[in-house]
Amino acid sequence: ADRPLLHGVSLRAAAGQTIAIVGQTGSGKSSLAQLVNRSYDASAGRVLVDGVDVRDWSLDALRSQIGKIEQDIFLFSRTIAENIAFGKPQAPRAEIEQAARDAQAHDFICEQKDGYDTVVGERGVTLSGGQRQRIALARAFLSNPRILILDDATSAIDSATEDDIQRALRRVQRGRTTILITHRLAQIRWADTIVVLDKGRVVAAGGHAELLRSSVHYRRIFSRFDAALPPAEPALAAA
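The sequence shown begins at 1 in my numbering and counts up by one.
For the record, the hints were derived by calculation from the structure and aren't laboratory data.
There's no promise every hint is true.
[As the list claims (entries may be wrong)] Have a look at the derived ranges for each label pair, beta carbon to beta carbon:
1) Thr25 / Gln166: 19 to 25 Å
2) Gly175 / Asp107: 23 to 29 Å
3) Gly26 / Gly51: 29 to 35 Å
We put the beta carbon where it would ideally sit given N, CA and C, even for glycine.
Put together the whole structure using the sequences plus the hints.
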């Protein structure tokens, strides 16, 4: 029988807040994010956007407000400009170029053979992971979604461009409700709320410093992914 991926998960994000979702592989992080844009529907419970059940929104209206950047960026075998304008095909070139600048992508695009009119290979194979990532960020700047889902969005970037992309990510999150799924401590620690999932359940929620003190699950995640993190402190004995 099918078993639920998520159990009893309840959380709320105010407009403009960043909610980071962390957990070991298979804990349900991406499944939770996929409920927001209705990649599939919950079998029990509800997901509300602006107080309205996502199943009551028209799919086009819902998804037009949501930008999603994943680890595996899908690019079409078209020009770079057309790929950036995927969510806003009538956008003038000046807007496309401004979105690329905001995403730290303009300089590398100008270095391409035909600039913005360069045709990228199928699925963007002619571009590096970091370049594909920045085109996806430019898409998000151009389409200007109210809700942004970043699902392991920086895992493919190289260290040479990481600082540029981190700056672009912070800029694109401003004023938007953001669901952030990542193991990168540099991004997580600035979230308004961090939600820790384990086997499909919320086992802790709070700020970074608070969770380091109080959550074994949270410390365990970062002892694996961040060598600079101090070892977990032993639980305090009751006085």
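Results for each hint:
In this structure, Thr25 and Gln166 meet the distance hint of 19 to 25 Å, their C-beta atoms being roughly 23 Å apart. Taking 23 to 29 Å as the suggested C-beta distance range, the pair Gly175 and Asp107 conforms, at roughly 25 Å. For the pair Gly26 and Gly51, the supplied restraint of 29 to 35 Å holds, since their beta-carbon distance comes to about 32 Å.
Violated hints are absent here; each numbered hint is respected by the structure.
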